[in-house]
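Starting from the known structure of chain H, arrange chain A on it as the hints suggest.
Chain residues, written in single-letter form:
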Amino acid sequence: MGFLTPWFLAGTVAVGLPVWLHLLKKHKTTPLPFSSLMFFERRTQSSIKHRRLRYLLLFAARLLLVALIVLAFAHPYVRQTVLASRRQGEITVLAIDNSLSMRAGDRLRQAKQGAKSVVGGLRVGQRAEVLAFGSRVQVMSEITDDHNPLNAAIDSIEPSDTRTSYAELARSLRSIAQSIHLPLAVHLYSDMQQTGWPQNFNDLRLNADVQLHPHGIEAKEIPNFAVENVVAPRRVYDNKKSRVLVTVAGFGNKKATRSVSLVLNGRVTETKQAEVPENGRAQVEFLSLDVPYGRNKGEVRIDSADTLPADDVFYFSVERADPRHALFVQDAAGSRGLLYFKAALEASGQSAFEIDPAAVDQIANVSPAKYAFVVLSDLGALPASFENQLRDYVRTGGGVLISLGHLSEGKSKVPVGGQAIMETRYMGREGERFQTAAWLDKSHPSILNDDRWDDVKFYRAIHVTPGTSRVAARLADQTPLLLDEPIGEGHVLVFASTFDNIDNDFPRSGTFVPFIEQTARYLGRLDSGPSSVAVGAFEELRNSKEKGAAVDVVDPKGERALNLEEATKAQNIQFTIAGFYDIRRPNGRNELVAVNSDRHESDLTPVNEQDLILWQNTAQGAAAGGETASAEQKPLSLWWYVMLGVLALSVAESLLGNQHLSVDKEAA
Amino acid sequence: MLQRFLDPATLASISSLDLVAKTVVDGFVAGLHRSPDFGFSQEFAEYRAYSEGDDLRHVDWNVFARTDKCFLKRYRGETNSQLLILLDTSASMSYTSQKITKLDYAQFLAASLCYMANGQRDAAGLIVFDEDVTNYVAPSTRQGQLFRLLHAIEKVEHGQPNTRTAFAKPFVHFQNFLHRRGIVVVISDYYGDPEEIIQTVEPLRFRGNEVILFHMLDPLEIKPKFKEPVLLYDLEDTKQSLEVSPEYARTDYRRKMEAHIEALSSKAKSAGMDYFLMDTGRPLDEGLREYLAVRRGRF
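From first to last, the protein sequence lines stand for chains H and A.
Using the numbering used here, the letters of the first sequence correspond one by one to residues 609 to 1276.
Using the numbering used here, the letters of the second sequence correspond one by one to residues 164 to 462.
Hint data in this document are derived by calculation from the structure and do not stem from the laboratory.
None of the values given here were measured: they were computed from a predicted structure.
Idealized CB from N, CA, C, for every residue including glycine.
Heads up, a few of these hints could be off.
[Claimed, not checked] Calculated from the model, a selection of chain A residues having no Cβ within reach of chain H, i.e. all distances over 10 Å: (1) Tyr-213; (2) Gln-261; (3) Asp-295; (4) Arg-368; (5) Arg-370; (6) Asp-400; (7) Ser-404; (8) His-423.
[Said to hold, decoys possible] Short, incomplete list of chain H residues facing chain A, as computed with Cβ under 7 Å: (9) Pro-639; (10) Pro-641; (11) Phe-642; (12) Ser-643; (13) Ser-644; (14) Leu-645; (15) Phe-647; (16) Phe-648; (17) Ile-1185.
[Claimed, not checked] Distance ranges between label pairs, derived from CB positions: (18) Arg-418(A) x Ala-668(H): 30 to 38 Å; (19) Lys-432(A) x Ala-668(H): 50 to 58 Å; (20) Glu-359(A) x Leu-665(H): 40 to 48 Å; (21) Thr-414(A) x Gly-728(H): 53 to 61 Å.
Next comes chain H alone, as it looks inside the complex:
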């Protein structure tokens, strides 16, 4: 408690006035004469004493009155925390962490128990709301003062596989506080994981009228082992060429040996031992991946015997398939382009594609639909029927790569893609011996992982007007080198030069192999995504604007993740549970997605106390110094309460004084 104007306390000397009136003046009794005392008695003393007592009450009331008036002038205040519970219309928010780490031991049960005790302690009419949070915040109940729905909402919170995000919680609390314009008392039940802390502390800031009460659930460091990562191919074409790399991590542990098992389709195929150092990581490599054809469920398990078994398994999906065929159409005379292209594709490591070469005069009756993609290598004339088939093929999702060389010079437009051919650029004729790729769109799938095209020399290029095409690469004179024209669900990729090591020296460049491999995967829709994703990741369900086609998604529990309406309209889906999601698209592109919980959750190290205090202080507007400092920042004036006391005492003084004066009235 403090005083805003403490100098007024000097007025306390005024207390001497009633002291003088009551104590000093009272004792001056002057004897008065009376005719006879025969009718008076000694026993009247008791009455006088009683009167004195009342007189003392009046004296005390007056003393207190003077003191309170002085106090009112001194303007007393107290820290806000003292009267925090008296905040008007305060809403109690129960935020319960249901992230993966809360599966450890019975943390979630403890959190629920704590939250229920808060519900039990709510005053009549005091409203509350229940939130569950992991990486996202779920509102489990509406704001109500009824304990039953609140307890039911707490009971309904299930453990999730998501990662703790205190920043997301803080954002939601800010949003709630702004929307309801009432003070919030937030009771946070969490294991206070350090890994849930955001990079930027500002993300944790809370509004001034939010009070945060963190309740740590087993907030201490517990040894925990986890399969941190598994590197496995998503598709396997040759079992012997495939391998699986497992990383086992220990958090807060001592040096230990763990058994690591590779499980394929529920069957343990291989087990190895891993020496996990203290607070370190160990790697285990499985050198073969013997899986049958089709989509396979892969798991890596360890025998951790710790309190958090949920992170002892890592899921991955692997698809065993035969290499797909790609049609390489070239001029009847043949070219070295096929040689270089095939060599590059084979050099990429995985034999995902097999090249079927064909001369342009033999393809009139060939259907491109059975090929993963089609390459048109510098063709002069293309049979119209084949070109039409190619257009349909592309529209339904096929991919075509077209290289332009000297045979394309006489044509007015690029086949299939339809871009206008302007001219042939001979670099030597323009004073430059060669051109280089001056600009690359590094986000394009063909260039994504390797963009070092600086040393590639281009001697001739066909100048094509891009039109609506996406330009992925340009030469130094701004001639478009690589154009991507989407048609329907497919793509037509135009390379404005050749692969035969004549118009350029690209095939001899180190960039050529990754370019061909990435382009083949892109056009053949053989994405090289990871074999697993983390909980919370999104997956695109349909990549065109076509509507109405249902997509079936079966979650790890074996239930449909989407209802009928969502199945026909949803553009994407977020994976919320660890395990295997089976996605069945209408175009037959089925997929088995392995989803793993975020391994940040495996580190159970709690955030340090100081950081928590700092977080609390963001709510109370204090810079630092803990709760007391924040309280001083927001003094609550007691002036009104003192004045109410003055008023009450004035009434009491009047009543007491009136009792004395009632004698005076008659005597007067």
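Frame of chain H; chain A shown alone:
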């Protein structure tokens, strides 16, 4: 001096009482009523045979001459009644809560009564007493009696401290002073046991006197009102003091005082005496008028 005691307004208001009242009241407006005794008036009453020892001055010699028998001639007497005022001057009579003390008021009352008695040619006397008789003016109708009385009343000194009212001792003397029957007026505040007081005063009544008790009390004595607890000391015994609470004075004291007045009044009446409470807060004439009215009603 006369003006001081006999406020013209007071006397005027008393004189305005109707004629009947004057004729009925015995003593106060004397001369208008017949004396119950035979006296010296001119109105013949009867003859009575002489008996030994009778005063020869009353023998009707004309009848003796005619009949040779001694007859006494008796007349309906118009007597002048004797008024004796007993004035208490004890210390308690000095008490006042206003301008005039109880003694002042008693002096006014005594003077008024003397004046009226003189107007009716009644013999008026005065005895001043506290613990003892301090002054005595014998009843008389002589010339200048009124002035003697007024002088005696005037020179009454306010009671000395610690002088008490003691009826027993002075009343023995009173009986010696009373040779004739008449009206005895006792003016006092009567602080004492009513039983004892009446017993002391009662012998006066046995001699055929009409005794009238005027009880002088200050308004604050009847209804004391204190703002706060006070320390009181007794005027008749200054060593005795007592702290009194307003509540007690408002309740118990009043009850006791009323009981005292009631006891005094009832005992006086049962002893054949008149009792009148004179509140010194009221005008003097009001008290007298009330007294006269009561007396008239009785007759």
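Tested hints:
no.: 1; hint: Tyr-213; verdict: 58 Å, holds
no.: 2; hint: Gln-261; verdict: 14 Å, holds
no.: 3; hint: Asp-295; verdict: 19 Å, holds
no.: 4; hint: Arg-368; verdict: 26 Å, holds
no.: 5; hint: Arg-370; verdict: 30 Å, holds
no.: 6; hint: Asp-400; verdict: 8 Å, violated
no.: 7; hint: Ser-404; verdict: 6 Å, violated
no.: 8; hint: His-423; verdict: 7 Å, violated
no.: 9; hint: Pro-639; verdict: 4 Å, holds
no.: 10; hint: Pro-641; verdict: 5 Å, holds
no.: 11; hint: Phe-642; verdict: 4 Å, holds
no.: 12; hint: Ser-643; verdict: 4 Å, holds
no.: 13; hint: Ser-644; verdict: 4 Å, holds
no.: 14; hint: Leu-645; verdict: 5 Å, holds
no.: 15; hint: Phe-647; verdict: 4 Å, holds
no.: 16; hint: Phe-648; verdict: 5 Å, holds
no.: 17; hint: Ile-1185; verdict: 87 Å, violated
no.: 18; hint: Arg-418(A) x Ala-668(H): 30 to 38 Å; verdict: 34 Å, holds
no.: 19; hint: Lys-432(A) x Ala-668(H): 50 to 58 Å; verdict: 54 Å, holds
no.: 20; hint: Glu-359(A) x Leu-665(H): 40 to 48 Å; verdict: 45 Å, holds
no.: 21; hint: Thr-414(A) x Gly-728(H): 53 to 61 Å; verdict: 59 Å, holds
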